[in-house]
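**Student:** One letter stands for each residue in the lines below.
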Amino acid sequence: MTEDRLEADLAAMWRIRAFEEKLQALHKSGELIGSVHLCIGQEAAPVGACTELVDGDALFATYRGHGWALAKGTPTRELFAELLGRATGVNGGRGGSAYFSAPEYGFYGENSIVGAGASHAVGAALAGKHDGSGRIAMAVFGDGAMNQGAVGEAMNFAAAFDLPVLFVCENNRYSELTPINDMVRNDQLTERATALGIPATRIDGNDPARVRSTVAGYAAEARNGGGPAFVELITQRLVGHYIGDVQQYRTRAELEADGLVEPLAVATSALAGSGVDTDAIEGRARAEIEAAAEQALADPFADPDTAKEHLYA
Amino acid sequence: MTATKLTMAQALNTALRDAMTADESVVVFGEDVGPLGGVFRVTDGLTETFGEQRCFDTPLAESGIAGLAIGMAMNGFRPVIEMQFDAFAYPAFEQITSHLAKMANRTRGRVRLPVVVRVPYAGGIGGVEHHCDSSEAYYAHTPGLTVVAPATNADAYGLLRAAIEHPDPVIFLEPKRHYFTREEVDTATPVPPIGQAVVRREGRDATLVAYGPSVPVALAAAELAATEGRDLGVVDLRSIVPFDEETVLAQVRRTGRAVVVAEAQGFASVASEIAARIGERCFHHLEAPVRRVTGFDIPYPPPKLERHHLPSPDRILDAVDALQWDET
Ligand SMILES: Cc1ncc(C[n+]2csc(CCOP(=O)(O)OP(=O)(O)O)c2C)c(N)n1
Ligand SMILES: [Mg+2]
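Chains A and F supply the protein sequences, listed in that same order.
Under UniProt numbering, residue 313 is the last one in the first sequence; the count climbs by one each step, no gaps.
Under UniProt numbering, residue 328 is the last one in the second sequence; the count climbs by one each step, no gaps.
Since the hints were derived computationally from the structure, they do not count as laboratory data.
Mixed in with the good hints, there may be bad ones.
Distance ranges between label pairs, derived from CB positions [as the list claims (entries may be wrong)]: (1) 106(F) - 75(A): 47 to 57 Å; (2) 143(F) - 179(A): 33 to 43 Å; (3) 49(F) - 304(A): 44 to 54 Å; (4) 74(F) - 194(A): 32 to 42 Å; (5) 303(A) - 196(F): 35 to 45 Å; (6) 254(A) - 25(F): 34 to 44 Å; (7) 93(F) - 194(A): 25 to 35 Å; (8) 141(F) - 181(A): 32 to 42 Å; (9) 303(A) - 318(F): 16 to 26 Å; (10) 246(F) - 181(A): 50 to 60 Å.
Note that the Cβ used here is the ideal one computed from N, Cα and C, for glycine as well.
Chain F extracted, bound-state conformation (with noise of 0.2 Å):
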């Protein structure tokens, strides 16, 4: 039986397991990770089963830890790594995205790094600014970086193995808020390739554009607009670079209507991208422009007003309505 129902962060876990089991050059650290099993316990009982050697503990410094980590891809490991929460990845800003992320470019693919970057991400847990940025930004921009957002459990397990076989840097964002939500997850089901966005709902009339905790209240939206008479499609992004432009492109073309949703603060985001390709690939089939739903232009609020910040069922649907329909 490889079908179970798990938590996300047990679907993460055993992604780690299955791959630390077939590769023993996987190791994970980060900071509490070890025996300990991590503020999340994505990492639960790995030290206990692989040794302290493929699963351990570092000084809270997460500089160290991601160059670290560079040092040992170099020499023939598969490091993944921990970065608590989202903010706590940017004292290793500098190693991530001036040599992590450069290093095969540079050394024209001489020297490659298989490193993971395990990010919790996004908010929705009531925590506060630090703890629930949208991070995805800073990696998307940065040349080298493949960025994977996992919305359902299946895909943190698949993607993970995925980004943990994946020959150079990922950046893989955990949707917190979904750690302690059950679905069903089968290893046995090939791992999916990064790079490929699935069609969550097909829809006739719209189609909404969405990548990790955002998948949920996309479709959520769909359910509520489905009871009122409009049929809206969800894709999912799954890894946002590299960007399937081609299944998100076939879904508009059809719809003739997209709205692009994301928790990310809108100004210069992933949603605007995305919004842009759009406009600039299929603006002859769209009936109007893209519409973006996102967080607010502000740092990430203070647990009270969260709920106003992050994009709601009802937000998407305001916009929805402003696709210039036309009153038959």
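Same shape as in the complex, but just chain A (with noise of 0.2 Å):
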């Protein structure tokens, strides 16, 4: 693997570190409000996949999807002004942190709903099938969500129809406040997919290589016929489920754990002693992101009279 594209990918992993911590100030500060979920310690998942879709290939991601987001290439600027309720957002500050689309740079969408969006996945993966376009589509959700029937349905259409779904996994091994092995006797959970009939993979998911491989090799395979996959990617949430959560069921010691092979202090010592100079990437990465914030802070507000706009009642 060459330094370069560690390099590249270290500074695509600071830009949603320092976009979410930035959240946290701004929250923090009152500016921003309502529930907000935030991937730190995630960011290995969407750097390393999104590089592997295309232009007409659908994203479909959770409430934790600011990090998608912005690795499928959706502006900060306005996804700072969604989040923060300014009418230039990218949903016109209507979505917010749990529920914004930027279908325009192909991220369909978060959703609150747990499991809900997997099945949207499914049929955007069928309308290329329809259209001849050749998209196609990832699903993104937690380990909790394994245990939504939605999942289960969404994942045996798309390999009954043999459609090129990519399922991904994100295994921070925590659904809330409950450890996913409380709640599952096999936590195998590529076993579900491989009793379906889709292959399924687990890997280490702080490491962006090795994500970017696993899913190149699938969204190829998919893009040749080959029908869905599933990659289980383990890894850790450093923060609260929510910003206030204080994770009282977690211990110091774990987080310690955590904070060893989470994937920019991972990806940082790996760059040690190679010229690459680490602190830069996090210094043009923080400046972006400062920057980007503060032309959303000053943007207006959504206006309440547009607020029956795009219904019938």
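Fit the two chains together into the complex; they arrive one by one in their own frames, and the hints show the way.
**Tutor:** Listed below in structure tokens is the structure:
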């Protein structure tokens, strides 16, 4: 693996980390309100996977989706504006942290209902089969979502119809406050996919190169008519489930251990001695994010008078 | 000493505790409700006190949670299940409306399902869409469901006890914006019967009809109106189904004017039903058409716009002003 690539990945991961940390600050200052779910610690997944999607492909994420939207190319300023309730946001400030979409960038949306997006991805893939576009779809969800009926239904649909859907399960080991191991008997989540006839792999989700090569292999097969695949990414969130969650259900030791394997720490130490200035990478990311946030904060709020647009009632 | 100051979350917790102590068949389950006590801490300490068989975490699977409750209820248990936020109950909608609601009627009472579905309900917390829905109309529209919405902490306690004792399914809507409001609660007060509204404030000039989180808003409006020389009464429905028509109509007949206040969007809503009933049953007592003050007919807006959406004392007073008062 080349250092160039790792350097670019670290930069991409820092953009996401800096974005999320800026949100923490904006929440503290009261500029950002409502429930906000951060992906701090899980940046390698979007950075590794999104480079394997091309124009016309469809990505569906969850409420923990800021990183996926950014990695897919949604501009930082419009994303900040969206989260801050500004009229200039990707959805005019009406979607917000857990709901926005930006299909013009291939980001077909977050979803605050756990498991609800998986079948949307299957539909997008079926549309691709019908319209001849060759589109593949990616559905991202967490370990907890594996227990929703809707996800099981979606996986079987994709399998039965041989549809090009990549199911990406970010296993951060918690479903809100509840450890995944308390809620499953078989913690090899990949086996649910293989039981349906879907090829599946569990990998280190903190390594963007590993994520990329795995997704690349499955994406190539899907584009060639090979049907769906399932990738389980073992990862961790370094922060609470939402901003404000004090995580009394996790030990300090566990959080410290997670801090050692989290993707930015790992990439930074891998680049030590290579001559790459990782501090400068971080600095550039923070500067970009600060500027975008500042612009968004100066934008006008969504106008309540437009509330009845796009409705019939 | 049975009277203490409790938050609404504590009042609900106490009700669950007392019910579990009184009746071994009461079991509590849902996402994160076990050892950690739930996202709103309503089930705090129940697993510790009653053990894992009586209060436990489930997989993230609402349809499964509701279905499980049905199967347990068929076999002698009284499940109290939690749906973390309003819209998270929709994956369970099929189980609730097609099975839970219909079983008693379909079996001519042979299979009764004493299940309580607790829903942290409505908005006002700066939350977002799925976290702030007012979902009562879906349930109220479904025959077979009893729908209860307490407005005070004392009622949160008493009505949850009543709901758990109820022989058939109850949708229990907890105004989540009041979870951490403190009020006096006397747990020795007899459990109120479900289906009885209460007059929270007598008034001569017009009647405000409200339930759940809209009751304090209506009371605030009545306070304001009093300073302007208008005497407004407030009826708290407490239970949406059954609807205590008698209490509501008696008040409206006396005042001749009514405004129904509810947070849910107004079209095809519970507020509409109440307004229609009043119109049908006491038309000749009315001085003016019944008005509704509700949320707008839009999906629940993002936090920055929430205050425009929620019924406020000002909007209520505007509606009261429009009740065709003679200039005297
Ligand atoms: C249908 C539904 N039920 C419950 C919730 C509340 N909730 C939000 S996230 C979450 C846990 C999801 O865990 P997981 O799928 O592992 O994703 P993670 O948050 O860890 O990324 C729960 C229970 C919800 N949003 N939607
Ligand atoms: Mg998880």
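**Student:** Please test the hint of 47 to 57 Å on the beta carbon pair from residue 106(F) and residue 75(A).
**Tutor:** holds, 55 Å
**Student:** CB of residue 49(F) to CB of residue 304(A), is that within 44 to 54 Å?
**Tutor:** holds, 47 Å
**Student:** Between residue 303(A) and residue 196(F), is the Cβ distance one that fits in 35 to 45 Å?
**Tutor:** holds, 44 Å
**Student:** Starting from the hint 25 to 35 Å, judge whether the C-beta atoms of residue 93(F) and residue 194(A) obey it.
**Tutor:** holds, 31 Å
**Student:** When you take the CB atoms of residue 141(F) and residue 181(A), is the distance between them in 32 to 42 Å?
**Tutor:** Given a distance of about 40 Å, which is inside 32 to 42 Å, the answer is holds.
**Student:** Just tell me: holds or violated, for the beta carbon distance of residue 74(F) and residue 194(A) against 32 to 42 Å?
**Tutor:** Because 35 Å falls inside the window, the suggested range holds.
**Student:** Can the suggested window of 34 to 44 Å be confirmed for the beta-carbon pair residue 254(A) and residue 25(F)?
**Tutor:** holds, 38 Å
**Student:** Return holds or violated for the Cβ distance of residue 143(F) and residue 179(A) against the range 33 to 43 Å.
**Tutor:** Given a distance of about 40 Å, which is inside 33 to 43 Å, the answer is holds.
**Student:** Using the beta carbons of residue 246(F) and residue 181(A), state whether their distance is inside 50 to 60 Å or not.
**Tutor:** holds, 54 Å
**Student:** How does the Cβ-Cβ distance of residue 303(A) and residue 318(F) compare with 16 to 26 Å: does it lie in that range?
**Tutor:** holds, 21 Å
Checked against the numbered hints given earlier, the structure satisfies every one of them.
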